[in-house]
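Take these sequences, add in the hints, and give me the full structure.
Protein sequences, first through last, are from chains A and B.
Counted the way the working numbering counts, the first sequence spans residues 5 to 59.
Counted the way the working numbering counts, the second sequence spans residues 356 to 735.
The set of hints was computed from the structure by calculation and includes no laboratory data.
All residues carry an ideal CB built from backbone N, CA and C; glycine is no exception.
There may be inaccurate statements among the hints.
To be verified - Okay, derived cross-link-like pairs now, SDA-like style, lysine to any residue, Cα gap no bigger than 20 Å in a straight line:
#1 B:K725 with A:V53
#2 B:K714 with B:V631
#3 B:K563 with A:P17
#4 A:K18 with B:L721
#5 A:K40 with B:K714
Claimed, not checked - Derived DEER-like restraints, expressed as beta-carbon distance ranges:
#6 A:C10 with B:T573: 36 to 46 Å
#7 A:L21 with B:R499: 26 to 36 Å
#8 A:G12 with B:Q603: 17 to 27 Å
#9 B:K563 with A:K6: 26 to 36 Å
#10 A:P8 with B:S369: 45 to 55 Å
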Amino acid sequence: MKCPECDGDIPIPKDALEGEIVTCPDCGASFELHKKEDGSFGLRTIQVVGEDWGE
Amino acid sequence: MVDRSKTLEDPAISLLEEMLKIYTPSGREEPLSRFLAERMNHLGFDDVQVDRVNNVIGTVGSGYPSILLCGHMDTVPGVQPVKIVNDLIFGRGAVDAKSSLAAMIIAASELIDKEDYGKVIVAGVVDEEGMGTGIKELIKGSIRADYAIFGEPSSIENITIGYKGRISLTIICKTASVHASAPWMSQNAIEKAFEVWGAISSYTSQGKDDKNRFNSLTACITKIRGGTAHNVLPGTCRITTDIRIPPQTSCSKVHQDIMEIIDKYQSDVSFPKIEVKVDEMTEPFETDKNSPLVRALSVAILNVTRRRPILVRKTGTGDMNAFGHALKVPVVTYGPGNPHLSHTHKEYIEISDYLSCVKIYYEALLNIRKFHGPDRQSST
Numbered sequence: 005m006k007c008p009e010c011d012g013d014i015p016i017p018k019d020a021l022e023g024e025i026v027t028c029p030d031c032g033a034s035f036e037l038h039k040k041e042d043g044s045f046g047l048r049t050i051q052v053v054g055e056d057w058g059e
Numbered sequence: 356m357v358d359r360s361k362t363l364e365d366p367a368i369s370l371l372e373e374m375l376k377i378y379t380p381s382g383r384e385e386p387l388s389r390f391l392a393e394r395m396n397h398l399g400f401d402d403v404q405v406d407r408v409n410n411v412i413g414t415v416g417s418g419y420p421s422i423l424l425c426g427h428m429d430t431v432p433g434v435q436p437v438k439i440v441n442d443l444i445f446g447r448g449a450v451d452a453k454s455s456l457a458a459m460i461i462a463a464s465e466l467i468d469k470e471d472y473g474k475v476i477v478a479g480v481v482d483e484e485g486m487g488t489g490i491k492e493l494i495k496g497s498i499r500a501d502y503a504i505f506g507e508p509s510s511i512e513n514i515t516i517g518y519k520g521r522i523s524l525t526i527i528c529k530t531a532s533v534h535a536s537a538p539w540m541s542q543n544a545i546e547k548a549f550e551v552w553g554a555i556s557s558y559t560s561q562g563k564d565d566k567n568r569f570n571s572l573t574a575c576i577t578k579i580r581g582g583t584a585h586n587v588l589p590g591t592c593r594i595t596t597d598i599r600i601p602p603q604t605s606c607s608k609v610h611q612d613i614m615e616i617i618d619k620y621q622s623d624v625s626f627p628k629i630e631v632k633v634d635e636m637t638e639p640f641e642t643d644k645n646s647p648l649v650r651a652l653s654v655a656i657l658n659v660t661r662r663r664p665i666l667v668r669k670t671g672t673g674d675m676n677a678f679g680h681a682l683k684v685p686v687v688t689y690g691p692g693n694p695h696l697s698h699t700h701k702e703y704i705e706i707s708d709y710l711s712c713v714k715i716y717y718e719a720l721l722n723i724r725k726f727h728g729p730d731r732q733s734s735t
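This is the structure:
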């Protein structure tokens, strides 16, 4: 699957689940996997990496 | 609402309740260490031992991959009554971090009758809230792992993949102390120490990004001591600083830059002598988001909670920094509870989250074996 940010190749595991986080090995951008109407996976750009304080 | 009679029968809940009843501020973990050693033996762990600093370590399974589950037994000081109210368990350490350690012990024990999950090492360490004696001893010892999960509260759907590094420096300025009615006769140690701090603060503010604090260098003064009387020009000032380091740089680089700033002041012969002590230095650490460990935990969270996992970078510093750097393996921090209740006087854990976390650790351990792949040899 092509990375929407850099067009790099994002490998999708054969046993991937809807809602899983996948990360582009080239640019490091992360996406959520979602199922499209035809049953295939798409990449959703939402915040999957956050920031917090403390330990 | 949780049925109280069922609660008492649940081994996961009774273990946590018993752990909370043993008060363990840093340096006083031994009773809990002995208790957990006995309990882990009873649950069927192998090679249960208490090391020389009172870390308790036990294993289940064998072969590869080898996975470390590490939680700390100590808490910050301050007794809090242990009580169960509806779905909540209150008590010092309920959040930070006895729930995580208890959940790790129960999850690992549930693997004992299974086959082919590799080797799981569970370690309860001492002094995480102090000087990190426990994790340092663990790293010095013979423990090796392909993956590690550290148990700290992250909230049930959050996986902590990165922590900033930390340098704690004490800057000491000494001058001749004189009568305050004649300040021209010497130099004010507090004012001179602040002049140096101002330069350090300007340096750490370069590249500051309020929208991305994880990737910014930050610094603050945490302690200051100077002056002896209202009418004496201060002859000594000690400023303790806390500097947090993003993964793009390193503690050694930041330390070197700060020493260059100080050297500039010291090249001026009229400037008072400045001494710098390094109190602590922990390098930043971030795990590869594509590692089998991150996927294993993400999939377990999805399956158990039906909620979307979130990967979190924290501006604090954790035990996983030292371990990840020493072993160069994927490490994350994960555990139940609201992390913002840590170190407060109202620590509580939601029982439903705690029990979900037991399941998540358990599933994650099985997933790691699956995603690690049969052809990859362990480092152990």
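Results for each hint:
The hinted pair formed by K725 (chain B) and V53 (chain A) fails the criterion: a straight-line CA distance of about 24 Å is larger than 20 Å. Our distance criterion of 20 Å between C-alpha atoms is broken by K714 (chain B) and V631 (chain B), whose separation comes to about 48 Å. A C-alpha spacing of about 38 Å is found between K563 (chain B) and P17 (chain A), which places the hinted pair above 20 Å, so the restraint is violated. This hinted pair checks out: K18 (chain A) and L721 (chain B) have alpha carbons roughly 17 Å apart, not beyond 20 Å.
Between the alpha carbons of K40 (chain A) and K714 (chain B) the distance comes to roughly 29 Å, so the proposed pair goes past 20 Å and is violated. Range check, C10 (chain A) to T573 (chain B): Cβ separation about 29 Å, and the 36 to 46 Å hint is violated. For the pair L21 (chain A) and R499 (chain B), the supplied restraint of 26 to 36 Å holds, since their beta-carbon distance comes to about 31 Å. In this structure, G12 (chain A) and Q603 (chain B) meet the distance hint of 17 to 27 Å, their C-beta atoms being roughly 21 Å apart.
Between K563 (chain B) and K6 (chain A) the beta carbons are some 35 Å apart, a value that agrees with the proposed interval 26 to 36 Å. Between P8 (chain A) and S369 (chain B) the Cβ separation comes to about 49 Å, which falls inside the hinted range of 45 to 55 Å.
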